[in-house]
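Q: Starting from the known structure of chain P, fit chain A onto it as the hints suggest.
Each chain, letter by letter, is given below.
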Amino acid sequence: MLKIEGFSLSRENEKFMLINEMLIGSSMRVNIFGNNDTGRSLLLRSIHGDYFDYGGQIMIKDKSALFYKKKKKTILINNTSHLLVNESVWKNIIIPLPKITARQKQKIMELCVLAKLGDKIGLKVKTLSSSSKKFIELIRAVIQLPQIILVDDLENYFDDKNMITALEICNFALNSGTSVIATSKKKLDNFDVNYRIQDSKMVKL
Amino acid sequence: MKKGIFFQIIVIFITLLSWNLLHLGYEFQKDVFENSVSDSQMMILSMQENTLEQLKSRIEKEDYINEVIIIQDSVIAQTLISNYDLDDSNEILRSYLLPTAMQISFNGRKFQIEQKLELERTLLEYTPEVIHYFDVAKWQSIQNKITILTNGYYIAFGGFIVFMLFISIFFRIHFEMKSNTFWKIFHSSGGHFRKRRKQFFVNSLYICFIPIILNFAIYYALKYFQLLSVEIDYRFFGIELLTIIISSLFAGLALGENLK
Chain P
24 MLKIEGFSLS RENEKFMLIN EMLIGSSMRV NIFGNNDTGR SLLLRSIHGD
74 YFDYGGQIMI KDKSALFYKK KKKTILINNT SHLLVNESVW KNIIIPLPKI
124 TARQKQKIME LCVLAKLGDK IGLKVKTLSS SSKKFIELIR AVIQLPQIIL
174 VDDLENYFDD KNMITALEIC NFALNSGTSV IATSKKKLDN FDVNYRIQDS
224 KMVKL
Chain A
38 MKKGIFFQII VIFITLLSWN LLHLGYEFQK DVFENSVSDS QMMILSMQEN
88 TLEQLKSRIE KEDYINEVII IQDSVIAQTL ISNYDLDDSN EILRSYLLPT
138 AMQISFNGRK FQIEQKLELE RTLLEYTPEV IHYFDVAKWQ SIQNKITILT
188 NGYYIAFGGF IVFMLFISIF FRIHFEMKSN TFWKIFHSSG GHFRKRRKQF
238 FVNSLYICFI PIILNFAIYY ALKYFQLLSV EIDYRFFGIE LLTIIISSLF
288 AGLALGENLK
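For the record, the sequence lines run as chains P and A. Using our numbering, you'd call the opening residue of the first sequence number 24 and step up by one each time. Using our numbering, you'd call the opening residue of the second sequence number 38 and step up by one each time.
Careful, some of the hints might be misleading.
[Stated by the list, open to error] Quick look at which bits of chain P chain A covers, simulated, 3 or more residues with Cβ under 8 Å:
{"#": "1", "stretch": "116-129"}
{"#": "2", "stretch": "157-167"}
[What the hints assert, rightly or not] Per label pair, the in silico range of CB-to-CB distance:
{"#": "3", "chain 1": "P", "residue 1": "V136", "chain 2": "A", "residue 2": "F219", "range": "23 to 31 Å"}
{"#": "4", "chain 1": "P", "residue 1": "E44", "chain 2": "A", "residue 2": "K221", "range": "29 to 37 Å"}
{"#": "5", "chain 1": "P", "residue 1": "S31", "chain 2": "A", "residue 2": "E294", "range": "54 to 62 Å"}
{"#": "6", "chain 1": "A", "residue 1": "I255", "chain 2": "P", "residue 2": "V108", "range": "38 to 46 Å"}
{"#": "7", "chain 1": "A", "residue 1": "F287", "chain 2": "P", "residue 2": "D215", "range": "49 to 57 Å"}
{"#": "8", "chain 1": "A", "residue 1": "I255", "chain 2": "P", "residue 2": "S199", "range": "52 to 60 Å"}
{"#": "9", "chain 1": "A", "residue 1": "K221", "chain 2": "P", "residue 2": "Q127", "range": "35 to 43 Å"}
{"#": "10", "chain 1": "A", "residue 1": "F246", "chain 2": "P", "residue 2": "D142", "range": "39 to 47 Å"}
{"#": "11", "chain 1": "P", "residue 1": "S104", "chain 2": "A", "residue 2": "G196", "range": "42 to 50 Å"}
Keep in mind that the hints were calculated from the coordinates and are not lab data. Built from N, CA and C at the ideal position, the CB exists for glycine as well.
Next up, chain P with everything else stripped away, as it sits in the complex (with noise of 0.2 Å):
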């Protein structure tokens, strides 16, 4: 589905971030880890379709990263809020549905239930921890079934057993299709395939 060739970021004439090749394919997890500065955030922008100086070729089902940017059919976390925290729960789960069909919302519910806001579907967003806000932002991620889910430093907002009920969360999405791709400093438990960026370079481990 995600095929990434030649790709390197550049600062100051210096290149880094490296990927040869990268391929990912259909209802995959990955995790892609590094310290800080190494790039992973422009990696997800780039897929996303958000940042361009880049060189290589990121490719989305043969197509061009750029070509599904008005398609949306990427999907990025990262850690500005995208929340209107004067509302509720379920408005903003619901914000980009056009229409809401039963199942859907039968499938919110169920995940809201997930991540321990099933009683708190009509509280403001404001009112909650910012692990139940990014759940949110999951939530509204996973309903619109997209080719792939981009989520930057996904350590950062879940403890373990959170991280455990974030992947629960994204197992719907990964059941119709949809990859993610989560970056974080450390190793994550549970993830398909795990990249290193390692000396500039991505490594598959």
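A: Using the frame of chain P, we list chain A on its own:
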């Protein structure tokens, strides 16, 4: 429908209502003045009935003339006798040679300065066989009032266009900018890329058509139940609609990149 759009529809509806009231008020007052012109008749006297007949056939087809009536001298004598109770002097009065009269009533809407000059030129050709009586001072006074009323109406009309453009563009931009955060989150959460532009277009349709349709419905209902004596030219609603459409286009242009 969002509160912002609802608010804009209400404001535009009220503005259009005031605009229509201005128009109706103008038409109503103009009708009053024009009826006063219609009520002022011109009386033409001549000793020769043939001359009046010729004059009548020449002017009666003019669109600024409502009616031309020739009153025979015998009828005049009879009128004088009955009006002034001159039964005793009936024979004496009959012995006088009275002129034949012609009474002209005008179409107040069309009898303006040019038409008056045209009529006077025609009458001049028949002078001295005919003499005419017309309250020129009253007619002139009414014409002056109509001119002042019309000028005031045009100024207020222009004012309404400017006001309508200003408030609708201002409110449109204000509410769109206010929703920027929502749309930013909408896009980043995976919402459809063109949804905002589409929503702007749909909202424009609501804002353009709902207030106009409501105003038109009120006008039509008043006409239907015969509660309104004056009429509004349908093109006037077209001008109102055009003004709101232009304001939406301007707001769209001003928002530019924000709508993406």
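Q: Of all the hints given earlier, name the ones this structure violates by number, lowest first.
A: Numbers 5 and 9 - these are the hints that the structure violates, sorted from lowest upward.
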